[in-house]
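Using the hints provided, position chain B relative to the given structure of chain A.
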Amino acid sequence: MPEYIEKYYTLKDLWKSVKKLPSDRKYLAGGTDLVISLSCGNDKSSVWLDISDIDRLKEIKEDGKNIFIGAAVKISELESNPLIKKWASALSECVKYYASPSIRNTATLGGNYANASPCADGVLALAALRAKVMLNLYDKRRVVDILSIVKGPKKIDLKKDELIEGFIVSKEERKSIFMKMMHRKRFGIAKAGLCMCYKLEKGKLRDVSISLSSVAPSVVRAKKTEEYLEGKNPSKAQTKACQLIREEISPLTDIRSTSDYRMRIVSVFLSRALCSI
Amino acid sequence: MKNKFFSFIGKPVERVDATAKVRGEAFYGDDLIFPGMVYARAVRNPRPRIEIKKISDKKAREITGYLGVVTYKDIKGVNAWPVVMKDYPFLPEKEARFHSETVALAVAETLSAAKKAASLIEISYKELPFIDDPLKALEKNSLKIYGKDNIFSSYTIKKGNAIKALKECDFVVEGEFKTNYQVHCYLETQTATAVPEKDGSLTVYSSTQCPFYVLDAVSAATGLPNNRIKVIQTVTGGGFGGKEDVPALVASHAAICAMKFERPVRLAYDRKEDFMSMSKRHPSWAKVSYGADKNGKLKACVVDYVLDGGAYSTLSPIVLWRGAVHAAGPYKIENVFIEAKAVATNKVPCGAYRGFGQPQICFAQESLIDDLADKIGMDPIEFRLKNILKTKDETATGQKLDSSCGIKELIEIVRDRSKWIKNTPTSIGDKKRALGFSCTYYGVGLGAGGRYLDRAGAFVNIYKDGSVKVDVGNTEMGQGALTVLSQIAAETLNASMENIRISEVDTSKVPDSGPTVASRTTLMSGNAIIEACAPLRERIFLTAADMLKTSGQKMFAYGGYFYFKDRKVSFSEVIRECWGRRLKMSEQGWYVAPKTSFQKENGQGDAYVIYSYSADVADVEVDVKTGEVQVKKIYAAYDVGRLINPKLAQAQGHGGILQGMGWALYENLVIKNGIMLNPNFTDYVLPISTDAPEYDISFKEKLYKYGPYKAKGMGEVPLIGVAPAIRNAIKKACKAKINSAPMTPEIVLEKIGEEI
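Protein chains in written order, with this note's numbering: chain A, 1 to 277; chain B, 1 to 756.
Here chain A stands alone, though its shape is the one from the complex (with noise of 0.2 Å):
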């Protein structure tokens, strides 16, 4: 258990004291990962710095080029707010398969990132819509691809005391799917997931990109399909596509499930997707 909670309303506050604190200090938004990482003894911190009700961190905006959404927005925001809806709408769509309302009422998008885990449904629906991540520290900015800095499962390349400020996605006409295998109909967590977005002109696909869940340490692009998939027709790329993906991917086998079953997973998911356009 922190010894206490040290809450912050804005960055420049943040930045202000931060540097005063126990070095062993810790970012706090939802909770949701955070809490029960440490009634499983693994957070050993003795502050944590409650960034939840930073104002920035809060924003969903947009401007010519792209749309900013906060790393403190919570994922049921996420279900029905409009620039969401029109310009990530993978967002959007993966918030009913996520958790369960309680939880999706506290937890935040920029945690869902943070915690860097493989079967994370934000940060899928993030790497498909191609999103990039702004970081801040100490009210320097560098903004980098949402996958480069994930190494693997609760690996997150971040300098110390560097923040997630929010991500950033393009402002681009594209449709998305999002599919989910969990062990349940709701509340679970992903056995495998597939997530596409896409444009198609006059049949032909274009511009397509594919993440997955839950079959490698991290999120991952399935870029090879990607790149077969372009220009080709939806129904008459499928075998091969779906061939093509299998040799993308070599998952584990765990307690969730076997390796066997999640390559046919995403194998029939990419083939439902396609039968879909």
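Read the hints as simulated data drawn from the structure, not as lab findings. Relax, there's no trap hidden among the hints.
Once the Cα atoms are required to be at most 30 Å apart in a straight line, the calculated DSSO-like pairs of lysine-lysine come out as:
#, chain 1, residue 1, chain 2, residue 2
1, A, Lys185, B, Lys178
2, A, Lys44, B, Lys672
3, B, Lys431, A, Lys175
4, B, Lys625, A, Lys232
Okay, now just chain B, sitting in the frame of chain A:
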């Protein structure tokens, strides 16, 4: 209007405990606070099997608020927990036999200090070889961890000559079946508080189904006589069998700590330790053969049934006995040979779980009966109807069913309601859909296996103002016992429901009434209440008749009032008059189950006094590309005698079906190298409301003449037949025969692959 003369029996009376529970006003074990209370936390075995060298709390002593460690040396009584056998020590002395077994306890002023201290108490140990597979444990040259053969107990049931008869059959099927654990997942984890009183006695508050088991265990552990211990059951947040035996262990640990530090001690488990160390449904293995003649008449049944008991025997012997007695299924078969064994392994000890050893063998047996019908080329329901037990028929143990056997009607009800005749698989895209069937029977009460415990007491005390306090020895654990027993008391006394109060059990107020298990509470405590109420009723009715000046003519009693011509008096008015006449207004009731004639030597005789019955049709859809199984609808029919409360009976149906579905499809506890890998709700997946099927539940009330208002027992029957009904539906839908549970999508898909 068959029940028109009953005021409360057969009526959908609202639960008497509903309002308090819904409003959060019920006090559960961990809500109670006592002055000076401290907290205990278990120090657990880190490996599957160890020799304990030394326990040191050197580092823990630095924790503020730490009071000390408790080991077996602090046990003032006997270090053997009295369950069926006495092989489980309260705290191990030299050897701990399963991962996460409590080895010692840390006690501290606060819960967090106790947790911290427990994590700092060091067990020095030598790791010992262990065994985690029950079939390997049965091999001749296996490591021996219990007796000469690793067998806790075994039973044989023999009728006719099944081996010989099987050879002469025209159709024979044989199959091997496996089922996994099931975790009770009650909302409230194990919780006990032991409070030393000023006079040297001890009060124990326990979340339990069996307060008298707690009494026996605390008495053994502390060395205090029974009359210096009072066990009070706290409002209990779910049991399902998981609060039958183990609460006695938890409460004993709290009591040992309380005696040592002379302070009230709370011991409340978190979910992880509850998963890892508390009772479960036994994993099972079974090899079953059935044989029939060319006309489809069942001739022989051979069963080899093995339960994985875990490290200590706990309830395994009696769980096994119930499974063995019912192993041949509810059919008329002349030749039966059943062998059953409960085996020791170095894993968490298994015990009671709704169905008590029957669901496992029923899964095997009802699956195989279905396969036999296929082989003969008969409709599975027609085949069963041809062989089903009827009144005057004999069960596998040679028990003649003399009354209240409605299974044939149940089968016909679900057949008709599900439009079974049209059971041809349908298919839309990758989804195939079909119906599957199963039927079961369930011996109500403890039967011959627990005959010495099968009695119950009740104390009924009517106060001057007409309010009535009823004390019973069986518990409410969420199943509705308080409501049903209140209905029985109100009906018998012609009081109103509001007059009656029954609360959680206090062992100092009623005699030992046995455990609250085996669907026996309505039957046993109900009969005890009726017996206590009978003389009171006589006094009340005579007084009422006097007050109404009936001069020997018949008056009418209904709903807490007595009527004669245009006059009426209320129950409370009559009670005031009774007190005025100095009549005795309190009585004890004592009900003893009728004798059973079962012989252990050959497994023949009357095993139970009466049976409840069920039939299920599962309407199931299988996605043949993903292996996902969706249960669309369950048609179920039950014969549980008279329904005391039809609304609660429906609810028992819903809960039992969903729990049966969970075991059949979702719940998959994984133990690898003796260590549990998913002791949590993230990875131990329970079905939730979105997975629930549509329920179509019917009842056939075959009255049982010795039951309270002719009721039998309800709690367990709805769960037992669900898994095989689903399995048989999957088989019908996509030809995949799955002989193991849970039937996860991975397994279903693999089997579909084999069929194509």
